[in-house]
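Visitor: Sequence:
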Amino acid sequence: GFQAGGRVSAGGATRLLAGPDGWCALTLARPDDVDAVAALIESEEVPRDYWPAIEQYVRQRGVVAFA
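The sequence shown begins at 105 in the working numbering and counts up one residue at a time.
These are computed hints drawn from the structure, not numbers from a lab.
These numbers were taken from a predicted model, which means no experiment stands behind them.
Don't take every hint at face value.
Here are the in silico distance ranges between beta carbons for each label pair [claimed, not checked]:
no.: 1; residue 1: Gln164; residue 2: Thr118; range: 30 to 38 Å
no.: 2; residue 1: Gly110; residue 2: Glu148; range: 16 to 24 Å
no.: 3; residue 1: Glu148; residue 2: Ala114; range: 16 to 24 Å
no.: 4; residue 1: Glu149; residue 2: Ala114; range: 15 to 23 Å
no.: 5; residue 1: Ala140; residue 2: Val168; range: 26 to 34 Å
no.: 6; residue 1: Ala140; residue 2: Arg163; range: 13 to 21 Å
no.: 7; residue 1: Ala122; residue 2: Ser147; range: 16 to 24 Å
no.: 8; residue 1: Ala140; residue 2: Leu120; range: 13 to 21 Å
no.: 9; residue 1: Trp155; residue 2: Gly126; range: 15 to 23 Å
no.: 10; residue 1: Gly110; residue 2: Val167; range: 12 to 20 Å
no.: 11; residue 1: Thr118; residue 2: Ala169; range: 13 to 21 Å
no.: 12; residue 1: Gly110; residue 2: Gln160; range: 24 to 32 Å
no.: 13; residue 1: Ala171; residue 2: Asp136; range: 16 to 24 Å
no.: 14; residue 1: Ala142; residue 2: Thr118; range: 27 to 35 Å
No residue lacks a Cβ here, since even glycine has one placed at the ideal position from N, Cα and C.
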């Protein structure tokens, strides 16, 4: 079954992200969503484990810049 994951949805595709100006949720459920990560974080390359890069971007740039 599913367990509570804090900032991660039960299925793992959605994360709550904290920025200096608030919180947002991001869902990357489809392959096309993951393909868009480079554009979302303004980077040429995205690491295999992309969530830390996204979290860092939101922490540095803020939720408003990310949305």
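Visitor: Each hint needs a verdict: does it hold in this structure or not?
Guide: Hints, verified against the model:
1. The given range of 30 to 38 Å is broken by Gln164 and Thr118, whose C-beta atoms sit roughly 21 Å from each other.
2. Taken as a hint, the range 16 to 24 Å is violated for the pair Gly110 and Glu148, whose Cβ atoms sit roughly 31 Å apart.
3. Restraint check, Glu148 to Ala114: a C-beta distance of roughly 33 Å breaks the suggested window 16 to 24 Å.
4. At about 30 Å, the beta-carbon gap between Glu149 and Ala114 misses the expected band of 15 to 23 Å.
5. For the pair Ala140 and Val168, the beta carbons lie near 19 Å from each other, so the given range of 26 to 34 Å is not met.
6. The hint said 13 to 21 Å for the Cβ distance between Ala140 and Arg163, and at roughly 20 Å that hint holds.
7. For Ala122 and Ser147, the Cβ-Cβ distance of about 20 Å falls inside the hinted range of 16 to 24 Å, so the restraint holds.
8. Take Ala140 and Leu120: their Cβ atoms lie about 19 Å apart, and the range 13 to 21 Å holds.
9. Checked against the hint of 15 to 23 Å, the pair Trp155 and Gly126 passes, with Cβ atoms roughly 19 Å apart.
10. For the pair Gly110 and Val167, the supplied restraint of 12 to 20 Å holds, since their beta-carbon distance comes to about 18 Å.
11. Between Thr118 and Ala169 the beta carbons are some 20 Å apart, a value that agrees with the proposed interval 13 to 21 Å.
12. Against the hinted window of 24 to 32 Å, the Cβ-Cβ separation of Gly110 and Gln160 comes to about 18 Å, which falls outside the hint.
13. Taking 16 to 24 Å as the suggested C-beta distance range, the pair Ala171 and Asp136 conforms, at roughly 19 Å.
14. For the pair Ala142 and Thr118, the supplied restraint of 27 to 35 Å is violated, since their beta-carbon distance comes to about 19 Å.
Checked against the numbered hints given earlier, this structure breaks hints 1, 2, 3, 4, 5, 12, 14; the rest are met.
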